[in-house]
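Peer 1: Sequence:
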Amino acid sequence: MPVPLYQAKAEFFRVLGHPVRIRVLELLCDGPKPVRELLAEIDIEASSLSQQLAVLRRYGIVTATREGSTVVYALAGADVSELMLAARRILTELLVDKRELLTALQETGAP
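Heads up, the sequence shown is in the UniProt record's numbering, so the first residue is 1 and it goes up one at a time.
A hint or two may mislead.
[What the hints assert, rightly or not] Using C-beta positions, here's what the derived DEER-type ranges look like:
1) M1 with L85: 31 to 39 Å
2) E100 with P34: 37 to 45 Å
3) G68 with V96: 40 to 48 Å
4) R58 with R99: 36 to 44 Å
5) R99 with V55: 30 to 38 Å
6) T65 with A86: 23 to 31 Å
7) A64 with M1: 27 to 35 Å
8) R36 with A86: 25 to 33 Å
9) Q106 with G68: 51 to 59 Å
10) A78 with A8: 15 to 23 Å
11) T108 with M1: 49 to 57 Å
12) V72 with A104: 44 to 52 Å
13) A78 with Q106: 37 to 45 Å
Hints are computed from structural coordinates only; laboratory data are not their basis.
Backbone N, C-alpha and C define an ideal beta-carbon position, used for all residues, glycine too.
Based on the provided sequences and hints, a complete structural model is requested.
Peer 2: And the structure:
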């Protein structure tokens with residue numbers, strides 16, 4: 001029996017649901033990067049980064065290419081970059097709404 005689409009989507013978002021993985025994807029939106037550059041930008045141990053990259057690679061979200069002794073990671077497709085931009089727009093909108101609510105609450109002064 002095939003997995004329902006909603007379950008596949010939930011699994012996809014679960015894979016994205018880790019701060020280090022999100023940061024890796026943000027960095028890769030600017031283009032392919034070797035592991036050493038990712039390590040310089042993300043304050044974690046190399047082994048931890050390797051684990052997170054393996055998860056992203058296993059689910060086909062990023063690709064890895066060996067160039068000599070260097071492994072270079074890239075987004076698997078432009079859709080991933082578009083997803084990151086969409087998430088940023090949605091988050092910005094949510095925060096704007098919360099700011100408006102906070103301002104309204106502060107202005108009323110009522111309990």
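Peer 1: Now tell me if each hint is right for this structure.
Peer 2: Hint check results:
The beta-carbon spacing between M1 and L85, approximately 35 Å, falls within the hinted interval of 31 to 39 Å. For E100 paired with P34, a C-beta distance near 43 Å keeps the hint of 37 to 45 Å intact. Against the hinted window of 40 to 48 Å, the Cβ-Cβ separation of G68 and V96 comes to about 47 Å, which satisfies the hint. The supplied range of 36 to 44 Å is met by R58 and R99, whose beta-carbon atoms lie about 38 Å from each other.
Between R99 and V55 the C-beta distance comes to about 34 Å, which sits within the given range of 30 to 38 Å. For T65 and A86, the hinted distance range of 23 to 31 Å is satisfied, since their beta carbons lie about 26 Å from each other. One distance hint, 27 to 35 Å for the beta-carbon pair A64 and M1, holds here, with the actual separation near 33 Å. For R36 and A86, the Cβ-Cβ distance of about 29 Å falls inside the hinted range of 25 to 33 Å, so the restraint holds.
In this structure the hint that Q106 and G68 lie 51 to 59 Å apart at CB holds, the actual value being about 58 Å. A hinted range of 15 to 23 Å for the beta carbons of A78 and A8 is consistent with their spacing of about 20 Å. The beta-carbon spacing between T108 and M1, approximately 54 Å, falls within the hinted interval of 49 to 57 Å. Distance hint check for V72 and A104: the Cβ-Cβ separation is about 49 Å, which falls inside the suggested range of 44 to 52 Å.
Between A78 and Q106 the beta carbon distance is about 42 Å. The supplied range of 37 to 45 Å therefore holds.
Hint compliance for this structure: every hint is met.
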